[in-house]
Amino acid sequence: MTTWERAPEALWRRSGERRILMGPTTDEVLVVEGTGRAIWDLLGEPCTQEELVGVLAEGFDARPEEVSLDVREFLGTLRDAGLVIER
Amino acid sequence: MIASSLARRVAAFGLPGHDGPLLEQSDGAPLSADDWAQLTRIVSAQRLAGYLHRAVEAGALPVTAEQRDEVDDLHLRSCATALRLERILVQLAALLDEAGIEFLVLKGTASAHLVHEDPSHRMFGDNDLLFRSGQFDEALAVLSGAGYQRAATPPTSAFARRFAKGATLHGTSGDEVDAHRNLVFGSFGFQIDLDELFASAVSFELGGRQLRALGPEARLMHACYHAALGDPVPRLNSIRDVAQMLTTGRHAPERLVHLARAWRAEPVLARALHLCREHLDVQVDGAVAEAFDAYQPSRRERRAIASYVGTDRSFLSKVLASLPYLDGPRERAAFLRASLVPSAEFTESRTNRRGVKPFRGGVRGAMARSRRR
Numbered sequence: 080m081t082t083w084e085r086a087p088e089a090l091w092r093r094s095g096e097r098r099i100l101m102g103p104t105t106d107e108v109l110v111v112e113g114t115g116r117a118i119w120d121l122l123g124e125p126c127t128q129e130e131l132v133g134v135l136a137e138g139f140d141a142r143p144e145e146v147s148l149d150v151r152e153f154l155g156t157l158r159d160a161g162l163v164i165e166r
Numbered sequence: 115m116i117a118s119s120l121a122r123r124v125a126a127f128g129l130p131g132h133d134g135p136l137l138e139q140s141d142g143a144p145l146s147a148d149d150w151a152q153l154t155r156i157v158s159a160q161r162l163a164g165y166l167h168r169a170v171e172a173g174a175l176p177v178t179a180e181q182r183d184e185v186d187d188l189h190l191r192s193c194a195t196a197l198r199l200e201r202i203l204v205q206l207a208a209l210l211d212e213a214g215i216e217f218l219v220l221k222g223t224a225s226a227h228l229v230h231e232d233p234s235h236r237m238f239g240d241n242d243l244l245f246r247s248g249q250f251d252e253a254l255a256v257l258s259g260a261g262y263q264r265a266a267t268p269p270t271s272a273f274a275r276r277f278a279k280g281a282t283l284h285g286t287s288g289d290e291v292d293a294h295r296n297l298v299f300g301s302f303g304f305q306i307d308l309d310e311l312f313a314s315a316v317s318f319e320l321g322g323r324q325l326r327a328l329g330p331e332a333r334l335m336h337a338c339y340h341a342a343l344g345d346p347v348p349r350l351n352s353i354r355d356v357a358q359m360l361t362t363g364r365h366a367p368e369r370l371v372h373l374a375r376a377w378r379a380e381p382v383l384a385r386a387l388h389l390c391r392e393h394l395d396v397q398v399d400g401a402v403a404e405a406f407d408a409y410q411p412s413r414r415e416r417r418a419i420a421s422y423v424g425t426d427r428s429f430l431s432k433v434l435a436s437l438p439y440l441d442g443p444r445e446r447a448a449f450l451r452a453s454l455v456p457s458a459e460f461t462e463s464r465t466n467r468r469g470v471k472p473f474r475g476g477v478r479g480a481m482a483r484s485r486r487r
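Chains as they are written, first to last, in the working numbering: chain A, 80 to 166; chain B, 115 to 487.
Please keep in mind that the hints were generated in silico from the structure rather than gathered at the bench. Source: prediction; values computed, not measured. Where is the CB? At the ideal position from N, CA and C, for every residue including glycine. A few of these clues could be false.
[Unchecked claim] Across the chosen pairs, the derived CB separations fall in these ranges: (1) B/E138 with A/E96: 26 to 36 Å; (2) A/E124 with B/R364: 17 to 27 Å; (3) B/L209 with A/V110: 23 to 33 Å.
Can you make the complete structure from the sequences, with help from the hints?
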């Protein structure tokens, strides 16, 4: 089963409810909040996409299918920025 | 004056016993526009955005919605700066490792990751690296290859190699790297056991690389040097570093006392403790306070301190104050020659806009004229 986790090369900071992220090949920052912040925080430990969807659906009182697409897209964005890795 | 006293409380926020309301008499009203503008100017200049953000988040400082946005924005921008510097540091680390050059990360980045519970609290504006004296020239060559240029020419190459604290370098991205061969120039620097700094180093992980930094006692000593000697008007961020380390207790007090005595830095620690009390209202207890709180510096030590933070902070003043701290007449003569007899390259670099060399004649001329009398 595929798990997702923060890339060791990722640099980041916490700023209130926002997270400020920087990948290994850019000096541009990515600022995430809301669902994105929640996903980043959960990725402090390796997670499957299904686990992320389950936690977020419960936390935001939404149906898993409503959250699943956003999670998948966001993970793709983080992966493309070198911020997360799939195992 | 409300802004400057409030800035001190901001700088202390989060230390033990310093997590209550920042305004002494508060009716819940936010600061006026003028006071707020002054406060944020000081916070920006002194790199206190992390502590201000923390205080506002904790409800310790009432703010308007607009002021809250300003704090959030300032913190975000400061964090972005820190991340860019860390990205650069990781890239430089790869180059230095490949070249076989040993280095330690000093100050900002090391403090953020090793001293503070959350690196988002500690802001910084440059990278500071310590190199072994024997590798200093090689290190500068690697940094030069990466596009970094020295901000100033040293008086002589001998000065740069044996006596300088280091060199400030500017990168093509507009960033700054302070390359150190010592923690402080002159008097107090000559007493530091530079090999000990590397021997007691600790590791930390950043951006997928293992980096090394000063051990907790040497790190605290460096913070004391920086706070006590770095600026005539001490920087609040520097004093906070000292207070943070002294109160979080990751150092071994007996070892710190030993280092301070071995490095003849008692007056530096005494001054650092005094700054913590005076500027942050932080009283440190325990072995360190017992050893240095009541320390009375000698005349020589007062003169040395004054050369860093007194009214005459000239290079010559530092050179002269440093002489008693050097071992023997040969070392003193070498230091004087390296410091005061400038190379042609240095003199050329100091030519002013009108083409007049400020050192025309210079020390060589003065010595020749005194021989002719």
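Evaluation of the provided hints:
1. B/E138 with A/E96: 26 to 36 Å: holds (30 Å)
2. A/E124 with B/R364: 17 to 27 Å: holds (26 Å)
3. B/L209 with A/V110: 23 to 33 Å: Given about 29 Å between the Cβ atoms, the range holds.
In the structure shown, no violation is registered for any of the earlier numbered hints.
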